[in-house]
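**Student:** Sequence:
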Amino acid sequence: MSLRTPGWRLIAGLTLLVVVPLSTLARVGWQPLTHLDRRADSSAHGYVVDHHWLLSTARALTHLGDPTVVTALAVLGGIALFLVHRRRAAAYLLVTRLVAVVVAFALKESVRRARPVLPHPVAHASGFSFPSGHAVGSAALYASLAVVIGPRAPLSARVALGVVPPLVVATTRVLLGVHFPSDVVAGLFLGWAVALLVAAPMKP
1 MSLRTPGWRL
11 IAGLTLLVVV
21 PLSTLARVGW
31 QPLTHLDRRA
41 DSSAHGYVVD
51 HHWLLSTARA
61 LTHLGDPTVV
71 TALAVLGGIA
81 LFLVHRRRAA
91 AYLLVTRLVA
101 VVVAFALKES
111 VRRARPVLPH
121 PVAHASGFSF
131 PSGHAVGSAA
141 LYASLAVVIG
151 PRAPLSARVA
161 LGVVPPLVVA
171 TTRVLLGVHF
181 PSDVVAGLFL
191 GWAVALLVAA
201 PMKP
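Quick note: the sequence shown, position 203, residue 203 per this note's numbering, numbers continuous.
Heads up, some of the hints might be wrong.
[Claimed, not checked] Distance condition first, Cα-Cα at most 20 Å in a straight line; then the derived SDA-like pairs of lysine to any residue:
(1) K108 with V18
(2) K203 with V159
(3) K203 with L94
(4) K108 with L33
(5) K108 with S126
(6) K108 with P21
(7) K203 with G77
(8) K108 with T71
(9) K108 with L98
(10) K108 with V28
(11) K203 with R88
(12) K108 with L17
(13) K108 with R27
(14) K108 with P201
(15) K203 with L98
(16) K108 with A91
These are calculated hints, taken from the structure and not from any lab test.
Construct the entire structure; sequences and hints are all you get.
**Tutor:** Written out as structure tokens, the structure is:
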């Protein structure tokens, strides 16, 4: 299925049906969600503290979603596409990155959720917790790369590129105790939605 078809736009729209309810529940501090998030974070924290190799791995892999890394990859990808005369695809990568940053910031300021508080933190992060900026940025970037690759690669490879790295990044954010599970779930779906929805009008 082409990423330009109504089917993919439908998928992008459906992802927003995940983000909007989660955003609302996080904003009002719905107790069942809060309890589930805190319980999951506590379990993940206890496990990673007892397994140093997992902590080291999480600290290394989380950089795949760092804002500076994601932005640099988007810019480098845009330059490479421009040099091979794929200007529309180059613009798409940069616009997707910009939209992801703006949307994530706006939602953070709207929900204003505090980050997890753990007894023995293994990592620190600033700003609000919902949604995870790392999850949004990585999902938008790697999905947009999958879009611009297009039929040059098998569909399975494109899906893997768009899904696996963001999932890894999202997992590391919970393991490091800087985000709740609902933060990263919303971030992933938001990033994927941004990539697919921006692709529709730009046709990279």
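**Student:** What are the numbers of the hints the structure violates, in ascending order?
**Tutor:** Violated hints: 14, 16; rest satisfied.
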